[in-house]
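Chains as they are written, first to last, in my numbering: chain R, 1 to 423; chain P, 1 to 159.
Derived from the structure by calculation, the hints contain no laboratory data. Since the structure is predicted, the reported quantities are computational estimates derived from the model, not experimental observations. Among the hints, a few may not be true.
Mimicking SDA-like on lysine to any residue, the simulated pairs with C-alpha atoms at most 25 Å apart in a straight line are [said to hold, decoys possible]:
# : chain 1 : residue 1 : chain 2 : residue 2
1 : R       : K27       : R       : D303
2 : P       : K122      : R       : D79
3 : P       : K122      : R       : P32
4 : P       : K122      : R       : R28
5 : R       : K27       : P       : L7
6 : P       : K122      : R       : L36
Simulated restraints, written as ranges between beta carbons of each label pair [claimed, not checked]:
#  : chain 1 : residue 1 : chain 2 : residue 2 : range
7  : P       : T102      : R       : P35       : 50 to 56 Å
8  : P       : L142      : R       : S335      : 52 to 58 Å
9  : R       : R60       : P       : A125      : 53 to 59 Å
10 : P       : T102      : R       : Q225      : 55 to 61 Å
11 : R       : G265      : P       : T32       : 36 to 42 Å
12 : P       : G110      : R       : L153      : 21 to 27 Å
The C-beta atom is built at its ideal place from N, Cα and C for all residues, glycine as well.
So you can see what is in the structure, the chains are spelled out below.
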Amino acid sequence: MTLVLDTTSTHLPFDIARIRRDFPILKREVAPGVPLVYLDNAATSQRPVQVIASITRYYRDHNANIHRGVHTLSVESTDMYEGERAKIAQFINAPDAREIIFTRNTTESINLVAHAWGRKFLQAGDEVVLSEIEHHSNIVPWQMLRDERGIVLRFIPMLPDGTLDLDEARRLIGPKTKLLSVTAMSNALGSIVPLTDLIAMAKAEGATVLVDGAQSVPHMAVDVQALGIDFLAFSGHKMLGPNGIGVLWGRLDLLDAMDPFMGGGDMILTVTLDRSTWADVPAKFEAGTPDISGAIGLGVAVDYLAALGMDAIRKHEIEITDYALRRLADVPGLSIFGRPNAQERGGVISFELEGIHPHDVGQVLDTHGVAIRTGHHCAQPVMAALNVPATARASFYLYNTTEEVDALVDALEQTNAFFGTGR
Amino acid sequence: MPEPSLLDDLYRDILMDHYRAPRNRGEIIAPTCSADGANPLCGDTVRVEVQLGDDHITDISFSGSGCSISQASASMMTEFAKGRSVAAALEGVEAFQQMMVTAQAPGLDGFDDIEALIGVAKFPARVKCASLAWKTLAQALLDESSAPATTDERTAAHG
C-alpha cells in the first residue's frame, strides 16, 4: 500500500490558542494581575519557544566558528549556518541560496547596497527615487551617499490617506532614475505600497529596484522573482527571529559585480601585505565571524512561519485589523491615520486621541498592560506630512486576538476617562 | 486590575493643571538669550526664551510641543525661574536633575509645586520628558554653544 501525501495542504491549521502556547512571554503580567497585551509588533515581534530553544541548542551542542576548522563542531556549525541560507532563499523564492547575505538588520542591508552598489555604480547627477513614507533607514544612507557622490534624491510624495501619489511617481521616475528604493509597507501607517506599479515604472527606465521588506516579509508572502526586483532587505527580529540577524537578498549578477562592504576575515580569497582578493558571493559580504546562532534562529523562525503559511498569517492579520478598525472607530476622540480598509493596509494602526499626547496615551495603556509604540516611528517625514509630532501605533501579528483588541479599546476609554476628555 | 495609584502618582493634579493652563507659554519680544531643546526619540521640542536684567531673569517663556509631562514641567520651570538670579535658576536646574535621579525632594525654596514631578522618577522612560525644559533653560543661560539641548539618553549623561 502506498502512502499518498497531500501536497496541496501542507500547512498547519491556524489554531490561535496553540500558537499562543508557543510564545511564553504572552502569558506574563506587566504588574500583578495585569496581563501583557503585546501590540508593538511593527517594532519587534516576540519569539516562539522553538526559536529560543534552537539558540540554546546551538550553543549547548554545536558551537564552533564556521568555515574554518576541520573538526566536527566547526563542520556542524558551518552546515547549520549555510543550511539556513537555503531555507531563507526558498522562503522568498530566491533562485540561488548564494544570493542570501546575512547582515545585522534591514538598516545594515540597505547600507550595504548604498555602500557596495551605490558607490560603484552611481555617478553625480544620477537619481535615486525614494518615497516620503520611508523609514529613516531607507533615507539616511542615501542622503550620506548624496553628500559624498552628488547623486540626486527624489521623493514620491504621500497623499493625506497615507498612500503614495502614483501620478507624481510617474513624473519622478525617468531616464535619470538609476535606483528605486521603496518600502513594501509603511511602518508608521501600515500603508501597503503598490509595488507592482512602481516596479514597472522603474524597470521601464532600466532602473535597479530595492525593496525594504522589513514590514512585509514577516506578514505576507514575498516572492522576489514574481516582483521582478533586484534587492530585498529585511530583519529577523520582526519575523519571530533573533535580534542582530537580518538579510539582504540581491540578484547574483549584481552581487558579483559589487565591491565588498567591509573588509576582514572570511570575505577574502587571498591576502598578501600588498593586496587582497575577494571571496565569492555571499562570503564577500560577510566579513568576520557572523551571528551564527542568529542565522540558525532565523531559519527556525522561517520554518515556523512557513508551517502556518504566509497567506494564513496575512488572512489572520486582516481579520484582526478589520476588527480593530471597527472597534477603534467607536472610541470618542480617536482618529485613525491611513486607509480605512484592512485589505489595503498591514496590521499597523496609527492613531491619535484628541487632546491627549501619544506619550500620555502610551503611559496609561501600559498600566493596563497594553504595549503600543508612541513617537515618530523613525519616520519623521511621515509625521511632518501628517502635521503631527507623533502618533500612537498598535501593530498586530499572528498571535494577537480580538480579545486583545478589546483590551486596547477598554484601555483607551480609560485613558479618556483619566484625562477627563471622554466625550 | 490596573493600578490607578501609580498613574495618579505620575499625573498629579498640579501637573495636569500646568498642562491644561500653562504659565508663560509663548514668546517674549526681545529675549536676551534663548535655546531650543529636543527629544530626538520622541519628537518633543521646546524653546526657552529669557530676558535678563541685572543678572536676574526678568521674563521667560517657553513654546514647543510635547506630552503632558514635558509641557507641565516647562510651565513649572518658567514659574520657578522668573525673578530669580541666573545662579539661583541654574541651582534649580541642578536640583531638578537630582530629583529625577534620587526621587527625593530637594527642599529648595520655590520647589513646592515642582516636587509633584517626583513621581516621574519612577518612570525612567519619562524622565527625559520632564528634564527637557530644564536642560534647555541651562543651555540658554550658559549659552555654551548653538547645539540644541537634548535629553536623548544615548548621548546625555542623565536620561
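These are the hints, each one checked on the structure:
1. K27/R <-> D303/R: Within the cut-off at roughly 23 Å; holds.
2. K122/P <-> D79/R: violated, 48 Å
3. K122/P <-> P32/R: With Cα atoms ~17 Å apart, K122/P and P32/R stay inside 25 Å; holds.
4. K122/P <-> R28/R: holds, 21 Å
5. K27/R <-> L7/P: Holds: K27/R and L7/P sit about 23 Å apart, inside 25 Å.
6. K122/P <-> L36/R: Satisfied, since the Cα-Cα distance of roughly 20 Å is no more than 25 Å.
7. T102/P <-> P35/R: 50 to 56 Å: Between T102/P and P35/R, where Cβ atoms are some 33 Å apart, the hint is violated.
8. L142/P <-> S335/R: 52 to 58 Å: violated, 41 Å
9. R60/R <-> A125/P: 53 to 59 Å: violated, 35 Å
10. T102/P <-> Q225/R: 55 to 61 Å: Since T102/P and Q225/R have Cβ atoms about 60 Å apart, the given range 55 to 61 Å holds.
11. G265/R <-> T32/P: 36 to 42 Å: Given a distance of about 58 Å, which is not inside 36 to 42 Å, the answer is violated.
12. G110/P <-> L153/R: 21 to 27 Å: violated, 50 Å
In this structure, the earlier hints numbered 2, 7, 8, 9, 11, 12 are contradicted, and the remaining ones agree with it.
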